[in-house]
Amino acid sequence: MNWQAVRTIYHHEMSRFFRTTWQSLASPVLSTVLYFVVFGAAIGGRIQSVEGVAYGAFIVPGLMMLTVLQQSVSNASFGIFFPKFSGTVYEFLVAPTGWIEVTMGFVGAAASKAMLIAVVILLTSFFFVGVHIAHPFWMAAFLIMTAISFSLLGFIIGLWARNFEQLQIVPLMVITPLVFLGGAFYSASMLPPFWEAVAKLNPVLYLISGFRWSFFDIADVPVKVSLLAVSVMLVICLFLIRQIFATGWRLRE
Amino acid sequence: MPPIIEIEHVTKQYDSGTRALDDISLDIRDGEILALLGPNGAGKTTLISTICGQVRMTGGRVLVGGHDIRTDWRAARKLIGLVPQEISLEPFEKVIDCVRFTRGLYGMPPDDAYLEQVLRSLALWDKRDARTRELSGGMKRRVMIAKALAHRPRVLFLDEPTAGVDVALRREMWDVVRDLRNQGVTIILTTHYLEEAEEMADRIGVIRKGRLLLVEPTEKLMGEFGRKRLTVQLSTPLPALTPELQELGVALSPDGMELGFDYDTRAERTGIARLLGEIVALGIPVRDLATKQSSLEEVFISLVEETA
Numbered sequence: 000m001n002w003q004a005v006r007t008i009y010h011h012e013m014s015r016f017f018r019t020t021w022q023s024l025a026s027p028v029l030s031t032v033l034y035f036v037v038f039g040a041a042i043g044g045r046i047q048s049v050e051g052v053a054y055g056a057f058i059v060p061g062l063m064m065l066t067v068l069q070q071s072v073s074n075a076s077f078g079i080f081f082p083k084f085s086g087t088v089y090e091f092l093v094a095p096t097g098w099i100e101v102t103m104g105f106v107g108a109a110a111s112k113a114m115l116i117a118v119v120i121l122l123t124s125f126f127f128v129g130v131h132i133a134h135p136f137w138m139a140a141f142l143i144m145t146a147i148s149f150s151l152l153g154f155i156i157g158l159w160a161r162n163f164e165q166l167q168i169v170p171l172m173v174i175t176p177l178v179f180l181g182g183a184f185y186s187a188s189m190l191p192p193f194w195e196a197v198a199k200l201n202p203v204l205y206l207i208s209g210f211r212w213s214f215f216d217i218a219d220v221p222v223k224v225s226l227l228a229v230s231v232m233l234v235i236c237l238f239l240i241r242q243i244f245a246t247g248w249r250l251r252e
Numbered sequence: 000m001p002p003i004i005e006i007e008h009v010t011k012q013y014d015s016g017t018r019a020l021d022d023i024s025l026d027i028r029d030g031e032i033l034a035l036l037g038p039n040g041a042g043k044t045t046l047i048s049t050i051c052g053q054v055r056m057t058g059g060r061v062l063v064g065g066h067d068i069r070t071d072w073r074a075a076r077k078l079i080g081l082v083p084q085e086i087s088l089e090p091f092e093k094v095i096d097c098v099r100f101t102r103g104l105y106g107m108p109p110d111d112a113y114l115e116q117v118l119r120s121l122a123l124w125d126k127r128d129a130r131t132r133e134l135s136g137g138m139k140r141r142v143m144i145a146k147a148l149a150h151r152p153r154v155l156f157l158d159e160p161t162a163g164v165d166v167a168l169r170r171e172m173w174d175v176v177r178d179l180r181n182q183g184v185t186i187i188l189t190t191h192y193l194e195e196a197e198e199m200a201d202r203i204g205v206i207r208k209g210r211l212l213l214v215e216p217t218e219k220l221m222g223e224f225g226r227k228r229l230t231v232q233l234s235t236p237l238p239a240l241t242p243e244l245q246e247l248g249v250a251l252s253p254d255g256m257e258l259g260f261d262y263d264t265r266a267e268r269t270g271i272a273r274l275l276g277e278i279v280a281l282g283i284p285v286r287d288l289a290t291k292q293s294s295l296e297e298v299f300i301s302l303v304e305e306t307a
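Protein sequence lines, in the order shown, are assigned to chains A and G.
Taking numbering that gives the first Met the number 0, the leading residue of the first sequence gets 0, the next gets one more, and so forth.
Taking numbering that gives the first Met the number 0, the leading residue of the second sequence gets 0, the next gets one more, and so forth.
Keep in mind the hints are simulated off the structure, nothing from the lab.
Check each hint, because a few of them may be wrong.
To be verified - Using 30 Å as the maximum straight-line C-alpha spacing, the simulated DSS-like pairs for lysine-lysine come out as follows:
1. K223(A) with K199(A)
2. K139(G) with K126(G)
3. K93(G) with K139(G)
4. K208(G) with K227(G)
5. K83(A) with K93(G)
6. K291(G) with K219(G)
7. K139(G) with K83(A)
8. K227(G) with K291(G)
9. K126(G) with K83(A)
The structure presented is a predicted model; accordingly, all values stated were derived computationally and were not measured.
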């Protein structure tokens, strides 16, 4: 195991983030404030509470998840796509680094960035609403597992993408709708039974539900199912990445 | 001393059926400069890419420093530095960070003193904080070499190191390569500039259609396959070639002051003695004689034609 390579890729990716700290943090914080204004103040004025939790507080885990998912996917996909774009990806193929080191470096950095932004959003939310975290350990566990799983997914997208359009199409057309329809701003139980059943086909619902449970002790689906969902996604993504590196698909072209 | 690289019956066949490498066997000696020559699509880059790990061979075996590139790939790759044909650098990265990054990828702990030495030897130290996009083409190419040297490799592969660069820069690059060889680095380069191989290489390997046609010391190759031109300068102009000289294939310069005669150094009879005899017999006054070795380009063409 080439740990020095993991550290090198991780630091390289993180330094990109810190080079543009202001842009990296300002954009998600601004979006969060807007969500609080629109959803918390405007809609929250009409919805007093959801399952006993003030609406403003209820959307905090959903907002954090929304950001973690988007940031994980975009950071990881861009992280590996850029060396492909600039041609420097050959270095990963000729250096004494295996798929696991390359993945750990890029995915670790993407997940770290996403979690950092999520924490900033949580801190921002304290200015708007009172948020109590019922299960801090599980909150951290869900946050880490989700960030890693979606960074792995983003990494796959970055490996697959041949151009910037492809790089953006999946986050835009798949991830964002799944998050919005995954109960970020509402509880699945608020939907009519048919749509509640449909919503439960959305894997993101399980992540948001589990994450929300760690805050408020309420969940749309059993917590174990949420944990299982995120674990399954993690394993599938790892398997796919291993296969991509083993076959050289879109890497050795 | 055992070879630094042992290539044994290496074959690469693509799914389409194309055979890019066909049973190539070659030992590369520690500390030598080996030039791989061949036309486009001959398999030079495929061979380099296979040894470096970018392309997977379908058959055969390669050992680098005694390490099998398939079963002991980490140890093998640590010994290798690669400068690909295309300049690939992250445009916003500083030169020093590029070099540090590559060193880290090879599992080496930071060593800025060594990297300073590398950058200085490539005249890049003053540019260490410059972003790569701000550099000239020649400097970018030197950054690529610095990256390849960042982990102290024992073998350096240079794929067309001077493709598309001007003559001055090409000579500068040759100096860099010679310096590296003097430091004990084994160098394998592919090139289209045959003059480059002739100028620098200790041995030359010729590849065509995935097959290694031969590997010979540069001088031997030149001696064996070289054609020479004998130029006879005359004291007074010769109005026209005599039938005897025409029969020998001699050419006369437009001003009538020079006779040119091409001959094969490998031939049993070069024809020189006969030519000189004719000149004396015809009483043509001679001022000077000169011979010139033909370029490797001509050597190469004759070799490829012979084996076609």
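Do the hints match the structure? See the list:
1. K223(A) with K199(A): 15 Å, holds
2. K139(G) with K126(G): Roughly 11 Å between the alpha carbons, so the hint for K139(G) and K126(G) holds.
3. K93(G) with K139(G): 11 Å, holds
4. K208(G) with K227(G): Roughly 28 Å between the alpha carbons, so the hint for K208(G) and K227(G) holds.
5. K83(A) with K93(G): With Cα atoms ~19 Å apart, K83(A) and K93(G) stay inside 30 Å; holds.
6. K291(G) with K219(G): Judged against 30 Å, a Cα distance of about 16 Å means the pair holds.
7. K139(G) with K83(A): Within the cut-off at roughly 18 Å; holds.
8. K227(G) with K291(G): Holds, at roughly 5 Å.
9. K126(G) with K83(A): Status holds; Cα separation ~25 Å.
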